[in-house]
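For the record, the sequence lines run as chains A and B. Read in full-length UniProt numbering, the first sequence has 88 at position 88, and its numbers run on one by one without any break. Read in full-length UniProt numbering, the second sequence has 362 at position 362, and its numbers run on one by one without any break.
Read the hints as simulated data drawn from the structure, not as lab findings. Computed from a prediction, not measured in an experiment: that's the story for all the values here. We put the CB at the ideal spot given by N, CA and C, even for glycine. Each statement offered as a hint is correct.
The calculated label-pair distances, taken between Cβ atoms and stated as ranges, are:
#1 B:Asp-351 to A:Thr-171: 50 to 56 Å
#2 A:Asn-9 to B:Arg-224: 24 to 30 Å
#3 A:Glu-43 to B:Asp-392: 58 to 64 Å
#4 A:Val-10 to B:Thr-398: 52 to 58 Å
#5 B:Asp-351 to A:Thr-21: 53 to 59 Å
Not close to chain B: a few residues of chain A, all C-beta gaps over 10 Å, as computed:
#6 Thr-21
#7 Glu-118
#8 Glu-121
#9 Pro-150
#10 Thr-175
#11 Ser-178
#12 Lys-189
#13 Pro-193
#14 Arg-200
Okay, here's what each chain looks like letter by letter:
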Amino acid sequence: MRLVIAEDNVLLREGLQLLLTTVGHEVVAVAGSGPEVVPTLLEHRPDAAILDVRLPPGFRDEGLRAAIQARKVLPGLPILVLSQYVEETYAAELLAEGAAGIGYLLKDRVARVSEFQEALERVAAGGTALDPEVVSQLLTRRDPLDSLTPREREVLGLMAQGLDNGTIAATLVITERSVSKHVGNIFGKLGLPPDEAGDRRVRAVLAYLEAGD
Amino acid sequence: MKIRALFARSLRSTWYLFAGLRTALPALLGVCLLPLALLLAFGVPGLPWVAGRIRVLTNIERRRAAKVLGYPIREPSTPVAADPYRQYFALMRSASVWRDIAWMIVHGFLGLLIGVLSVEVWIGIPWDLALPFWWWTVRPGTLGAGAQIYTWPEAIAYPLLMTVFLTALQLWGQPQLARFQGWYARRLLGPTRRTELAARVESLTETRAQALEAHGAELRRIERDLHDGTQAQLVSAALRLGLADQRFDADPGGARELMLDARSGIEHALTELRTVIRGIHPPILSDRGLAGAVRALAAGRPVPVTVDMPEPDRRCPAAVEAAAYFVVAEALTNVAKHSGAAHAWVSLRHDGPYLTVRIRDDGTGGADPNLGSGLAGIRRRVAALDGVTRIDSRTDGTGTNVEVELPCGL
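Sequences and hints are given; from them, build the entire structure.
Now the structure itself:
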């Protein structure tokens, strides 16, 4: 994959480059500040972009703003946003225009190389990767979730992270058939349309969780 | 109707002045004993005792004056020193002690005079009105204050005139006198601007010392979190990596195990570090400012939260905003965990030099800052910035109201 990354911290940038090239991707350009992101993306037209939330010049949420802007300028460009901390609000902003090709992960996740690689590939393929911490923030919020069994809650959490049934089955060490059964039950209990799949499913789940009361 | 109100006011004033005897008589006694008291006061242990007695008396008057002033007179602070000698000289120099004595002298004489006269004049009215009935039983010319009565017309006219005059005098004069008494009490017993400032400086010094203490405690807590948590985790991870290095050739499987352990250790450390950072200064606060951060907080709650917060025209120091954020986060966590509330309200206001944060819910109340660590944490954090915390959590269905006032720089 041809990638553009935006990361101002040299240590992290080099680490990320090392990691990405090791697993066989190519970093075609690096943006060092928020305002550089979109022009760099326009110039190089990568397969996906990996952006840090906090970037110069303000060291606030420039990366996040750049991601939202990039989505408008380059619709369909897969973007993976990395951050030292995750905020549910930021996830909501990122996903406002659709969950396809969006990832939002803690930087810590790069330590689990294969999982990180999977998440990146999922995003590049138009899927979603939402950090488990965001998902757990979302899951603490609604009472109707009490109607779910613990296993169903687990499955819901993994769905919200953007995983497909196969990966969920592998993660929980159960068969794919029982995963689909759980999914059916969850959708039934929460009153969600049962035929959603892929990114639309993630959206449905997230929309439900974000709706609050 | 108006006349009745005038009478009521006048009688109230008379009663006030008459009740002034309660302080005037002891004051007069105090004046009589003053030479003795001063003699006694030259002895080092005597002065605090004398000043203390006088203060008891003046405090009664301070409270009593509320009836005419509408508010009790604030007691000026008495200097407090560690050892008796310093205390002695501090008292000697203290203006409030001498002003107490001055009031005692003034009130001892004036209070007694006014108190007795104001009642006596009222008594004089029926006395005058009764004159026509018995003036003729005594020798002509022996009666009447200011006028001697010889004839019947005099005996009829004089009491009537006197009654009108005295009544008018009392209606007008009694409230004036009462006010006068309140005035000299306030002038002599109230804190002067200087002592008021001194008292304020004193209380500021004290709260500042407390704030520094609380701030120090916060720093120690953070240090402990980093030291016992993050740092220990990292040391342990480094150790495992070192061992993995040693074992790498002989036992690659074991080395791998150690490396994976080290990785999860580091992940733990990062999670803890995030918690510590959130405790010091939540990153979203830098990103979005207080308003944005609090909105984000309110958005992710199981209980619906209404946020009332005008776009701030100015920002507070980072520490203050962090504390305000912390207060809202802690209070909302309590709402979700304990209150059973259906709704919560958060409001942030800039009131002059203060940032006022209020979190209210419609839950069961009964939150006790001494029980829950959350409310204690709020107190601690707010105290570190010299702020004030008010927690009102009655169980009568009014819910819990947490109000925090933080000084916002300036």
